[in-house]
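**Student:** Chain by chain, the residues run as shown.
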Amino acid sequence: MADKTVFTPDVKFVRELKEAGADTMKKCYQCATCSVICPLSPDDKPFPRKEMVMAQWGLKDELVKSADIWLCHNCNDCSKYCPRGAKPGDVLSILRKSVIQENAFPKFMGTIAGEPKNIWQALLIPVVLFLLVLGVTGHLNIPEGEIVFSKFFPVHYIDQIFVPLTGLAVVLFGFSITRFWKNLSEGSDLKPKAEFLPSFIETLKEIMTHSKFKKCDENKDRSTAHMLVFYGFIGLAITTAWAVFNLYVLNWESPYPANDPDVVALFGSETIPMILKVVFKLFANVSALALLVGGSLVIANRMKERGVDTVTSSFDWVFAGMVLFVGASGMLAQMFRVADFPPMIAYATYFLHLVAAFFIIIYMPYSKLAHFVYRTVAITYTKMQKRDVEV
Amino acid sequence: MSSKSILIVGGGISGITTAVEAAEVGYNTVLVEKNAYLGGRVAQLNKYFPKLCPPYCGLEMNLRRIKPNPKITVYTMTEVESVSGTEGNYTATLKVSPRYVNEKCTACNACAEACPVETSNDFNFGMDKVKAIHLPHEMAYPMRYVLDKDVCTDSSCDACVKACKYDAIDLGMKPETVELTVGSIVYATGWNPYQAEKMDNLGYGTVKNVVTNMMMERLASPNGPTKGKILRPSDKKEAKKVVFVQCAGSRDENHLNYCSAICCMASLKQATYVRDQYPDSEVVVAYIDLRAPGKYEDFLNKVDADEKITLMKGKVAKIEEDPATGGVILTAEDVEGGGKIYEKADMAVLATGMVSSVTQNSVLQFEENGFIVSGTSAGIYSTGVAKRPSDVTTSIQDATGTALKSIQSLVRS
Numbered sequence: 001m002a003d004k005t006v007f008t009p010d011v012k013f014v015r016e017l018k019e020a021g022a023d024t025m026k027k028c029y030q031c032a033t034c035s036v037i038c039p040l041s042p043d044d045k046p047f048p049r050k051e052m053v054m055a056q057w058g059l060k061d062e063l064v065k066s067a068d069i070w071l072c073h074n075c076n077d078c079s080k081y082c083p084r085g086a087k088p089g090d091v092l093s094i095l096r097k098s099v100i101q102e103n104a105f106p107k108f109m110g111t112i113a114g115e116p117k118n119i120w121q122a123l124l125i126p127v128v129l130f131l132l133v134l135g136v137t138g139h140l141n142i143p144e145g146e147i148v149f150s151k152f153f154p155v156h157y158i159d160q161i162f163v164p165l166t167g168l169a170v171v172l173f174g175f176s177i178t179r180f181w182k183n184l185s186e187g188s189d190l191k192p193k194a195e196f197l198p199s200f201i202e203t204l205k206e207i208m209t210h211s212k213f214k215k216c217d218e219n220k221d222r223s224t225a226h227m228l229v230f231y232g233f234i235g236l237a238i239t240t241a242w243a244v245f246n247l248y249v250l251n252w253e254s255p256y257p258a259n260d261p262d263v264v265a266l267f268g269s270e271t272i273p274m275i276l277k278v279v280f281k282l283f284a285n286v287s288a289l290a291l292l293v294g295g296s297l298v299i300a301n302r303m304k305e306r307g308v309d310t311v312t313s314s315f316d317w318v319f320a321g322m323v324l325f326v327g328a329s330g331m332l333a334q335m336f337r338v339a340d341f342p343p344m345i346a347y348a349t350y351f352l353h354l355v356a357a358f359f360i361i362i363y364m365p366y367s368k369l370a371h372f373v374y375r376t377v378a379i380t381y382t383k384m385q386k387r388d389v390e391v
Numbered sequence: 001m002s003s004k005s006i007l008i009v010g011g012g013i014s015g016i017t018t019a020v021e022a023a024e025v026g027y028n029t030v031l032v033e034k035n036a037y038l039g040g041r042v043a044q045l046n047k048y049f050p051k052l053c054p055p056y057c058g059l060e061m062n063l064r065r066i067k068p069n070p071k072i073t074v075y076t077m078t079e080v081e082s083v084s085g086t087e088g089n090y091t092a093t094l095k096v097s098p099r100y101v102n103e104k105c106t107a108c109n110a111c112a113e114a115c116p117v118e119t120s121n122d123f124n125f126g127m128d129k130v131k132a133i134h135l136p137h138e139m140a141y142p143m144r145y146v147l148d149k150d151v152c153t154d155s156s157c158d159a160c161v162k163a164c165k166y167d168a169i170d171l172g173m174k175p176e177t178v179e180l181t182v183g184s185i186v187y188a189t190g191w192n193p194y195q196a197e198k199m200d201n202l203g204y205g206t207v208k209n210v211v212t213n214m215m216m217e218r219l220a221s222p223n224g225p226t227k228g229k230i231l232r233p234s235d236k237k238e239a240k241k242v243v244f245v246q247c248a249g250s251r252d253e254n255h256l257n258y259c260s261a262i263c264c265m266a267s268l269k270q271a272t273y274v275r276d277q278y279p280d281s282e283v284v285v286a287y288i289d290l291r292a293p294g295k296y297e298d299f300l301n302k303v304d305a306d307e308k309i310t311l312m313k314g315k316v317a318k319i320e321e322d323p324a325t326g327g328v329i330l331t332a333e334d335v336e337g338g339g340k341i342y343e344k345a346d347m348a349v350l351a352t353g354m355v356s357s358v359t360q361n362s363v364l365q366f367e368e369n370g371f372i373v374s375g376t377s378a379g380i381y382s383t384g385v386a387k388r389p390s391d392v393t394t395s396i397q398d399a400t401g402t403a404l405k406s407i408q409s410l411v412r413s
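Residue numbers (this note's numbering), protein chains in the order written: chain A, 1 to 391; chain B, 1 to 413.
To be clear, the hints were calculated from the coordinates, so they are not data collected in a lab. Remember, it's a predicted structure, so these values are computed and weren't measured experimentally. The reader is advised that the hints may include incorrect statements.
[Claimed, not checked] Below, simulated DSS-like cross-link-like pairs (lysine-lysine); rule was C-alpha separation at most 30 Å, straight line: (1) B:Lys344 with A:Lys80; (2) A:Lys50 with B:Lys344; (3) B:Lys313 with A:Lys27; (4) B:Lys318 with A:Lys27; (5) B:Lys313 with A:Lys80; (6) B:Lys198 with A:Lys214; (7) B:Lys71 with A:Lys215; (8) B:Lys318 with A:Lys80; (9) B:Lys308 with A:Lys386; (10) A:Lys50 with B:Lys405; (11) A:Lys386 with B:Lys313; (12) B:Lys318 with A:Lys220; (13) A:Lys50 with B:Lys308; (14) A:Lys215 with B:Lys405; (15) B:Lys71 with A:Lys45; (16) A:Lys191 with B:Lys313; (17) B:Lys318 with A:Lys214; (18) B:Lys308 with A:Lys45; (19) B:Lys313 with A:Lys4; (20) B:Lys162 with A:Lys215; (21) A:Lys26 with B:Lys198; (22) A:Lys18 with B:Lys313; (23) B:Lys313 with A:Lys50; (24) B:Lys318 with A:Lys26; (25) A:Lys45 with B:Lys313; (26) B:Lys308 with A:Lys304; (27) A:Lys215 with B:Lys313; (28) B:Lys318 with A:Lys45; (29) A:Lys50 with B:Lys198; (30) A:Lys304 with B:Lys318; (31) B:Lys198 with A:Lys386; (32) A:Lys214 with B:Lys344; (33) A:Lys80 with B:Lys208.
Throw the hints in and build the complete structure from the sequences for me.
**Tutor:** Here is the structure:
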């Protein structure tokens, strides 16, 4: 044969996938029910049947170039109809985890922050870092009097930790995504037929409305849960930006007293600052609530579907747990502060909240959260190729 | 004193074979059949694979062996109510349902002509109607009409009784109980087709022109609902484009977690029904793996050589109605071709698998898929498809062997 294709199965990769939870993949006998049942699979070279055989054979090189595994929204319609219990839905989610770790830059961060079994190390880093900063700056104590979090951990220090590290994370993530884009381009012989920008805008629209997610049959509830978490995060990101604006532009410090002389001077009265404060707090709390309710629903839905004891999605579990944790600790810290709880409890909760926030923000390129960038990029790429399903 | 009789439960090809083989070497056999006729599933088939000869031929030879043999007692419309005892000395209680037609029947059809009530014809899977009093099928054994009294709308109606010149209809017939002492028992209870409506993605029961493989046998049979013309059910249009959906519920842990062993060969055979009948027809067989073991591979190659028959790897996972033509649209991934295909056809045939007829019985042991391994005590056997999904040839071989085993039980005790 002239055009012989040589496959090099990567047995180690197969083992890693199975350990991560894709242990059902070997049951697949390639009937292709999944590719037909999937409401999101394109007509040309549909998924996930081909990804299943690639995973079985350990074709890592092929899989890291696959845009298709990111088109999957884990509906699990395929797993429901799979005649062999091979659970393509779960296998694809493990493949996405592998690709996140494969593209992790630097690699060791992928291992520390991405491997569920290393979660304690991953949490220890911010704990030690925060204690160090507090110790060096002489804040390693419980402040007296009214509970004001900035008395315990001044906002300036928090910003000095978070802003540069977030910047670093974004740059490192940029390296990963550049490599990912290159892989995608190598993985397909289809030449792009559309421009980047319109495809990207189309993708954003799709994500904003969750229109693709809603096409799933098996997990209608999950799209609602995901939407809440999604908008919760966006709301909280806006809240953070807003707080930065308050602090550095208006010079108005938390807990935002309406009679702050600077602000009163700026607005001419206490009424506007009062309204601003209420709107700000309301917006922040609604966002936090969305995250909390969404996170709880995510976990409830997952428990309903496959039970907690499964190892299939420990990568997902860690993140879902962390979402709930950041939401709950933030809410509780606020409640403890307002209700005048013993300062020890309030400040400890706040500390934990900061640790969780660090995990979510700084480890973003390596955790499950990375999917929002990978998925956006992959869907955009697919739209440029014009092989995405119509929504 | 131990009994020298063998009870055979189920009068299909396996049960008939065991009864005939044991009787012809001198043992008394009692053949019990729940339907009004012998022959079971084989009586419903149009052709055997791979020779493509009609099963009526072989069935007739067997019935011819039963008729003159005094060692064989046949009970139709009869079910086994209970079994007790040990090898060599079992007591079986049979419940014989009333046929309402006695041995004076000459099968003249006068009663059916007079009968005012029509009912769905189970023999043809409901694809046509029969009168409440009817002949089960053309070669029924015994050659005698049967009255389905459950569907008689007027309990005082005696139109059939009046029409019968031979005094063969007795509306007062009552159920009877028969007690037998037998030395061994053979369960040849066979199979039912898997309920196709359970596959919600394959449209059976909602999409009109989706039929099962057993329905296809009846459609192609000269004594079937369409007199052998392969017409699609919705509008009786000639089915010239037919897609066979393999493993419809088989090898599927959500349905039947096993291979029924015959569906591949059955669909290949049925592909020839369509091709022989309509020279301009087209057939697609969509499969996961084509299983044509041993010498059957020759048949597969013969079918594959027909350019109008496409064998496509990829399981059909969705069937919808085509509103434009009234036909069907099937979706599959053509695994070798590398894309999803939307195949339009006049009719889809689901290759549904075999389910053991008997799934619960305290004297029997079942394997994980519900087929009968054997009895819970010695001297009780299973044979044919009751034991495992198999084709007719294999069933007959197995039934012959089982005849020997059941005889050994008599000799041993």
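**Student:** Give a verdict on every hint.
**Tutor:** Okay, the hints, checked on the actual structure:
1. B:Lys344 with A:Lys80: Between Lys344 of chain B and Lys80 of chain A the Cα gap is close to 26 Å, so the pair holds against 30 Å.
2. A:Lys50 with B:Lys344: holds, 25 Å
3. B:Lys313 with A:Lys27: This hinted pair holds, its Cα atoms lying about 18 Å apart.
4. B:Lys318 with A:Lys27: The given pair, whose Cα atoms are some 22 Å apart, holds under the 30 Å limit.
5. B:Lys313 with A:Lys80: Roughly 21 Å between the alpha carbons, so the hint for Lys313 of chain B and Lys80 of chain A holds.
6. B:Lys198 with A:Lys214: Measuring from Cα to Cα gives roughly 26 Å; hence the hint holds.
7. B:Lys71 with A:Lys215: Violated, at about 66 Å.
8. B:Lys318 with A:Lys80: holds, 14 Å
9. B:Lys308 with A:Lys386: violated, 34 Å
10. A:Lys50 with B:Lys405: violated, 50 Å
11. A:Lys386 with B:Lys313: Holds: Lys386 of chain A and Lys313 of chain B sit about 26 Å apart, inside 30 Å.
12. B:Lys318 with A:Lys220: Distance of about 20 Å is within 30 Å: holds.
13. A:Lys50 with B:Lys308: Holds. Lys50 of chain A to Lys308 of chain B sits at ~28 Å (cutoff 30 Å).
14. A:Lys215 with B:Lys405: violated, 59 Å
15. B:Lys71 with A:Lys45: Violated, at about 64 Å.
16. A:Lys191 with B:Lys313: holds, 28 Å
17. B:Lys318 with A:Lys214: The hint holds at about 20 Å.
18. B:Lys308 with A:Lys45: Distance ~25 Å between Lys308 of chain B and Lys45 of chain A Cα, so the pair holds.
19. B:Lys313 with A:Lys4: At roughly 22 Å apart (the allowed maximum being 30 Å), Lys4 of chain A and Lys313 of chain B satisfy the hint.
20. B:Lys162 with A:Lys215: Between Lys162 of chain B and Lys215 of chain A the Cα gap is close to 64 Å, so the pair fails against 30 Å, i.e. violated.
21. A:Lys26 with B:Lys198: holds, 27 Å
22. A:Lys18 with B:Lys313: holds, 27 Å
23. B:Lys313 with A:Lys50: holds, 13 Å
24. B:Lys318 with A:Lys26: holds, 24 Å
25. A:Lys45 with B:Lys313: Cα-Cα ~14 Å, so holds.
26. B:Lys308 with A:Lys304: Since the Cα atoms of Lys308 of chain B and Lys304 of chain A sit roughly 48 Å apart, the hinted pair is violated (cutoff 30 Å).
27. A:Lys215 with B:Lys313: holds, 27 Å
28. B:Lys318 with A:Lys45: Given pair Lys318 of chain B, Lys45 of chain A holds - Cα atoms ~17 Å apart, limit 30 Å.
29. A:Lys50 with B:Lys198: holds, 27 Å
30. A:Lys304 with B:Lys318: holds, 26 Å
31. B:Lys198 with A:Lys386: Cα-Cα ~37 Å, so violated.
32. A:Lys214 with B:Lys344: holds, 28 Å
33. A:Lys80 with B:Lys208: Holds, because 25 Å separates the two Cα atoms, which is no more than 30 Å.
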